[in-house]
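Trainee: Now for the letters of each chain:
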Amino acid sequence: MEILLQQLFNSLTIGSVYSLVALGLTLVYGILHIPNFAHGALYMMGGYITLTMMTAFGFNYWVAMFVSILVVGLIGVLLERFVFRLLREAPPLHDKIAAIGILLFLEAFAQFVWGADFQTMTSPYGQVVTIMGLTFTMQRLLIIVSAIVVMILLYLFLKKTFTGASIIAMSQSREGASLVGININKVAMLTFMISGGLAAIAASLASPINLVFPGMGHLVILKAFVIIILGGMGSIPGAIVGGYILGFSESLGATYISNDYKDIIAFVLLVIILTVKPTGLFAKGER
Amino acid sequence: MKIMNKRTGLIALFVLAILFPLIFQNDYYTHMLTLSFIWAIAVYGINLLAGYTGYLSLAHAGFFAIGAYSLGLLTVKAEMNFWPALVLACLITSVVGLLIGVIALRTKEHFFAIYTLCVGYIIYLVIDKWDGLTGGVRGLIGINAPSNIGPITFETAESQYYLVLTFLVVVIFVIYRIVHSLTGRTFLAIRNSEELAQTIGISTMKNKLTAFVLSTFFAGLAGALYASFVRFIGPDIGSTAIMFDLLMYLLVGGIGTLSGPLVGTLMLVILSQNLQFLQEYRMLIFGPILTLIIIFYPRGISGSFFDWKRKRRNQTGNVLKPIKVEEG
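Top to bottom, those sequences are chains Z and G.
Be aware that the first sequence starts at 3, since it is given in this note's numbering, and climbs by one per residue.
Be aware that the second sequence starts at 147, since it is given in this note's numbering, and climbs by one per residue.
In case anyone wonders, no lab produced these hints; they're calculated from the structure.
Values in this document were obtained by computation on a predicted structure and should not be read as measured data.
Where a beta carbon is used, it is the ideal one built from N, C-alpha and C, also for glycine.
A few of these clues could be false.
Stated by the list, open to error - Stretch-level coverage of chain Z by chain G, calculated; a stretch enters the list once three of its residues show a Cβ under 8 Å from a Cβ in chain G:
id : region
1  : 80-89
2  : 96-103
3  : 111-120
4  : 176-186
5  : 220-233
Stated by the list, open to error - Reference excerpt, derived from the structure (chain G facing chain Z, CB under 7 Å, subset only):
id : residue
6  : I249
7  : R252
8  : H256
9  : L271
10 : M429
11 : T437
12 : F452
Working from the sequences, and respecting the hints, build out all of it.
Mentor: Okay, here's the thing in structure tokens:
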């Protein structure tokens, strides 16, 4: 029973990180219908920038994370402006390949600047806490709390502000949004910025319990894809719920099935889902 | 006259390919060319699916690995002769391709890309973790070179070069015949609009499946040749890094063109051999190239070359809207 509780707690941590990454991915998909394969690379950049800010510039963890959000958000904006906007009228195949090109570049760039080694990020919240027989580090608790705070802020932004509403409007209908005077280009850039920022937050939160290396985004992005297919491409609540579901199934799978194959669970899950329902769960409309 | 030019060009190219090892007498070059021919076969497979049918599969490095491991295991562990093992390896890959294709092709566009990406990853993970069968991360060592056919042996670099060249020429010829057949036209119809193709009575599923299985067959063939040529295989040949390499060869050469895969593969393999010093960082250059090509020259080098030629030919006439002729 204790193992189960401990595992449930761990799955909440992993699930929070997955949800944040999947949120960024689903936002971009909802608006531009681009499966952004480069999103994992943005996550990786977020981890490295926070780490560099802390080690090279001696910034506080939170300040470093803030810088990272800004920088990765900016990278996102640049991608939208100089790559995806040019491909808006192109066949869908082109977006995917362009995204793969960006992914390859960012990874090589990280390896060039920071080297291929695995690096650790020391968080100021390494203390071990024991509550009701559960042992965990403050960092894990921090991940869960911060993720929830970020999700609530995002929700409020999307629902209560005018800018947020324009993002929602555009995800419902690009033509419609444009007809009522929403500047599509601005909204697309903003969405990419939020998406990059979310990736940076997720990476900065997760890095102290994982490691920082050029390939750190690979598995995360693949899993994020599984999540948004699970939760419905473009659906925001779907991304959050899907993230936690995947977190739970992985933790339980690692404990009760096999630790070696825990990374495969997500993909098997996806293959099963798409086998039964080729358009993904909760798909809207005919596609 | 026109056809004569094209034909003489092709023959000249072919003669050059045959004479190459004799002229250069350099094992390193021969080795490099053989390897790029093998990659080119796999890229032709991907092209048939992504270029002509419009379905971007990201699982083909996995099928390449299945072909390679099938041949490796059959010859090393089951001690089979090379030739039946080669046939079996291609068959195994195609059967796996058929099983995966039946399910994967129910999905479309982005879902298909993500689905196949995950399938590729599963294949890689299974090869990596299934220690008992595949040797896990240690890989498979001691795969034999192709066995003799009568008096012909395949021990030297030159003989292997000719063997792979033969396969490549056959593959290109087969692809040429497929593309210019009714089936090939059907693939194009599906690429241009699946709804329309269905409306005019094409069984899209059957045709997509044909394209998918054929393309996995070529990937498997390339993998099997790779295994017998390099004689060592590790799980890395099924990784997404290889997949992205293949995709880049295709894109740079020209997706949906007949010469593109060969042009792209030769160019990029030779280029990256000459940029050895940046081996690890070559993606710093190739990544942006990939993105730029898809934005500005979506038909790659071959496609753009033929477009340019056609434009020049039509310059006298009214070329407001050139009809999209598939050439290259």
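Trainee: Would you mind marking each hint as holding or not holding in the structure?
Mentor: Hint by hint, here is what the structure shows:
Figure legend: the region 80-89 of chain Z, annotated as covered by chain G; annotation consistent (3 residues with Cβ-Cβ distances under 8 Å, at least 3 required). For the region 96-103 of chain Z, the assignment as covered by chain G holds, since 6 residues bring a beta-carbon within under 8 Å of that chain's beta-carbons and 3 suffice. Three residues within the 8 Å Cβ limit are the bar, and the region 111-120 of chain Z against chain G gives 4, so the coverage statement holds. With 0 residues bearing a CB less than 8 Å from a CB of chain G, the region 176-186 of chain Z misses the requirement of three and the coverage assertion fails.
Check result for the region 220-233 of chain Z against chain G: holds, 5 residues qualifying (beta carbon to beta carbon below 8 Å, three or more required). Interface restraint check: I249 of chain G against chain Z, minimum CB-CB distance 5 Å, threshold 7 Å, status holds. Because the closest C-beta pair between R252 of chain G and chain Z is about 4 Å apart, less than 7 Å, the hint holds. With a cut of 7 Å, the hint placing H256 of chain G at the interface with chain Z holds, because the nearest CB-to-CB distance is about 5 Å.
The interface hint given for L271 of chain G holds, since its Cβ lies 5 Å from the closest Cβ of chain Z, which is under the 7 Å cut-off. For the restraint placing M429 of chain G at the interface with chain Z, the shortest Cβ-Cβ distance is roughly 4 Å, inside the 7 Å limit, so the hint holds. For T437 of chain G, the interface hint holds, the least distance from its beta-carbon to any beta-carbon of chain Z being 3 Å, beneath 7 Å. A distance limit of 7 Å between C-beta atoms decides the matter here; for F452 of chain G the minimum to chain Z is near 19 Å, and the interface restraint is violated.
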